[in-house]
Amino acid sequence: MQFKGLEQFKSWIWDKLKDTGLFEHHRPENQLDCSVSLVTENHQQEQNGGFVVKIKGSIHAPKDRRHTVAQIVITDVTDGISKAKPAHSSLERWQMNDSSVFCYSTELGRLPKAVTKLAEWITVAEIKADWLTLPRTGKRDLLLVVSILSGKSGEKIASTYCNFIYENSALGYIDLQENIEHAKILAVTLAFAVAVADNDVADCELELIKSWARTNIAAFNASNRSKRRLEKAINRTAGLLNQGQQIDISSVCTEIVKLTAHQQRRDILELCMYVAKATGTVTEGKFNTLSDIADSLEIESEQFFEMTERFLPPDICQVKDIGLLVGITSDMSKDQARERLNKQYKKWSSRVTNFDPEIRQQAASMLKYIAEARNEYIE
Amino acid sequence: MANNESKKSAIAGIDLGTTFSSLAVLNAIGKPEIVPNSEGERLTPSAIFFDEENSGVIRVGLEAINCRHLNPKRSVRWVKRHMGDDSYKINIDGRDWTAVELSALILKKLKEDCSVQNYRIQDVVISVPAHFDEIRRKATMDAGTIAGLNVIGIVNEPVAAALYYATTRTVFGKVLVYDLGGGTFDVTIMDMKDHQMDIICSQGDHELGGIDFDKQVLEIIEQKYKDKFSKELISAEEERAKYEDEAEDIKKTLSRRNTSKNIIYGQAGSMKVEITREIFEDAISPLISRIGIMLDVALEEAKLKPSQIDKILLVGGSSRIPIVRQRLEKMFGFKPEVTVNVDECVTLGAAIHAGLTIARENPDALPAGIATGLKHIRLTDVCNHSYGTICAPIDEKTGKRVVENRIILEKNTPLPCHVAKTFYTVSEGQTELEITITQGEDSDVKFVNKIATHKLKLPPGRPAECPIKVTYSYDVNQRMHCHFEDVRSGRALEVKFSLDRQGDMQQQDIKEKAEHLSSVKVQ
Chain A
1 MQFKGLEQFK SWIWDKLKDT GLFEHHRPEN QLDCSVSLVT ENHQQEQNGG
51 FVVKIKGSIH APKDRRHTVA QIVITDVTDG ISKAKPAHSS LERWQMNDSS
101 VFCYSTELGR LPKAVTKLAE WITVAEIKAD WLTLPRTGKR DLLLVVSILS
151 GKSGEKIAST YCNFIYENSA LGYIDLQENI EHAKILAVTL AFAVAVADND
201 VADCELELIK SWARTNIAAF NASNRSKRRL EKAINRTAGL LNQGQQIDIS
251 SVCTEIVKLT AHQQRRDILE LCMYVAKATG TVTEGKFNTL SDIADSLEIE
301 SEQFFEMTER FLPPDICQVK DIGLLVGITS DMSKDQARER LNKQYKKWSS
351 RVTNFDPEIR QQAASMLKYI AEARNEYIE
Chain B
1 MANNESKKSA IAGIDLGTTF SSLAVLNAIG KPEIVPNSEG ERLTPSAIFF
51 DEENSGVIRV GLEAINCRHL NPKRSVRWVK RHMGDDSYKI NIDGRDWTAV
101 ELSALILKKL KEDCSVQNYR IQDVVISVPA HFDEIRRKAT MDAGTIAGLN
151 VIGIVNEPVA AALYYATTRT VFGKVLVYDL GGGTFDVTIM DMKDHQMDII
201 CSQGDHELGG IDFDKQVLEI IEQKYKDKFS KELISAEEER AKYEDEAEDI
251 KKTLSRRNTS KNIIYGQAGS MKVEITREIF EDAISPLISR IGIMLDVALE
301 EAKLKPSQID KILLVGGSSR IPIVRQRLEK MFGFKPEVTV NVDECVTLGA
351 AIHAGLTIAR ENPDALPAGI ATGLKHIRLT DVCNHSYGTI CAPIDEKTGK
401 RVVENRIILE KNTPLPCHVA KTFYTVSEGQ TELEITITQG EDSDVKFVNK
451 IATHKLKLPP GRPAECPIKV TYSYDVNQRM HCHFEDVRSG RALEVKFSLD
501 RQGDMQQQDI KEKAEHLSSV KVQ
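Quick mapping for you: the protein sequence lines, in order, are chains A and B. If you count the first sequence from 1, position 76 lands on 76 in my numbering, and the numbers rise without skipping. If you count the second sequence from 1, position 98 lands on 98 in my numbering, and the numbers rise without skipping.
The shape of chain A in the complex, shown without the other chains (with noise of 0.2 Å):
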């Protein structure tokens, strides 16, 4: 099952809610009941907080279904049945199908007789809390449905709900998106900061903001309102700063290191490189800008230089200090200065005979450059 949007899910869930008999004003006799309790973290023995979920009740299932399957979805109706959402999970193997919906399951084997009653609760699953994600972070009312399905055809033989109350520690996904696009707009502020690290904002520059903005924020997307409003304050901005106005980088990184994932902030950096080679050369100044970012970004230096291989040719860097272009840092000693350029050789001179000439030539100017910072720093 594969849902292109929220209002398929509800759709979805709301079938499923429906066989549960949650509609109805009388639940059957003998019906199925299921009931969830929480297990809190336990740093001693390394155990993450869960829930277990158990079953009681009556099971009708004709000869040839017995052999069962239980499954379990989980909704958030915090903010009522009409707006609910799907708890996502984490790990592929607990996702149903195409969709990051979590759905578990897991075999109840055979059962013995054509009307099994369990008279007792038995527990069904274990579901740890970090296999899942919810909408949002704090208190959540969340619905759990487990189905009972025959484990041949996956035609459902019973099914039941229940609700309960989870105290949400880790952020959601509404909430992660949220910080992700408002880290976006941060991530505009930073690659205005490189392109001003010189000179003005020039006009390619300029264009390569607007089209990663309409491309990624989803804001630009929204309406024809909001994306002339995004456009206005991008031109606005570029105005400012060419008139002089400052961009506090440091404050700008620090909340984006709040919002994001390292996997995000090393995505920021990369629109900041391609901004610094707009023009068709990197200066040192934003050579400069860009190493800044990258260290209130948390990035770590071997990361950044990494990446600069990447995504900055040597030959379109206008930088004096050869040590900035093969990963020598001031902190370094002699020694982890060689290794730093003895690895980097190793890298760059078994790239010298790739096929595609522009490695080439960066390979060329990389072991021109590394021989050169030996020469400086080593001998």
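Treat the hints as calculated values from the structure; they're not laboratory data. Yeah, the Cβ is synthetic: ideal placement off N, Cα and C, and Gly gets one too. You may find that some hints are simply not true.
To be verified - Which residues of chain B face chain A? A partial, calculated answer using Cβ under 10 Å: (1) 272; (2) 291; (3) 292; (4) 385.
Got chain A sorted already, so can you dock chain B onto it with the hints?
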């Protein structure tokens, strides 16, 4: 001149160098001997000149060097640097000459000069820099075939030099072969126990050699000239050849003396140019640093410290530069070996390698005297590059599939070698597997060379994650074999290692070019 039947059938080795080439044959007792060219010289300049006044003749060697000032556009040098490069073509009278064809002309000259000396070349091994990749190795072999030679193998230049060295004296311990030639630089570290040679590792730089030192000298001359006359010394590329020769002479002089004094004749006037060894050494210091890094890297790969190296064997004409020897002495604490001829030892070793190849593959064809002469020599070479395949594993951090190069056969693995790894199909119902054989050290596919691509059909209706066993092997003849097997169905693909890039020559092309070249007169 003797007719073909009366000529002595010979097993030969050729050093196809960037600046000079030479040929050696094995004598009756398996000792290699240089065969002088038709001018009586032991080394033939790797230079070609297309004579416009006599289009039926292509001049190769000293004649080409002497003529090249007449018309530099019809002159070719340093073709080895372009070996395997599709885009390199020299157009002469409307015909494009590739690096392979130009190299074939040099080889043809060596072969024909050998014939003058009453030899008929039977089988030949050509030496290549250790760092040459598959493309360049194959291109070198193709050049030999086009020249009408039966190329039975390729040998790494430092290995050839060490082979010869080992036959001239008893050597025990770790030997570093330092091969600084006209256009390339190789460092090879090996373990020698008399006639048993085990290569540990090789490192190479294909853009570091004598011609790069010459360029630095030429830059000094140009600057001095500009300082005096405020005009460029070389105003047209046609004039460059003349000054390149001057620069080479100055470099050679500075290997013997502390100062070189020359008169430079330019269009704006002539001037005396004095270059000291100190100025020269300062100008080439980045190149010397590059050599230093390669030494470090080679020692790192061999897991050795400089103090664990017992001998250094110098190879290649550029190893005569004093600062090169001084640096080595400083780094290792002893003087390098200079007992073998640095210009000839590769050629002589290549001839020995040819004898060893025949002894291994067709022992009955090897004359008894040669077989006896070579019987104690044992050589274990290594794989000079890393070979891998492109796969799409799931990234542990992001949980997403990433396309990456996975190395199967690592560089410096002793030959023969055989490595198998298991990969898994990506999707349910996958009916085809795209197979790519790569050469390179990177995991990023952008930086590796795809040297072959094939497709393996898979049975339909299967789940994802079906195992595929990939086996790479590399034999002592430096030939690679790749085997891909779908474990469940047993379907397999044996990859015949052919280079699938545009520009690689197929057998038919080679045959046609060989036919064409046989009618070309080389002098």
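Evaluated hints:
no.	hint	verdict
1	272	violated, 30 Å
2	291	holds, 9 Å
3	292	holds, 6 Å
4	385	holds, 8 Å
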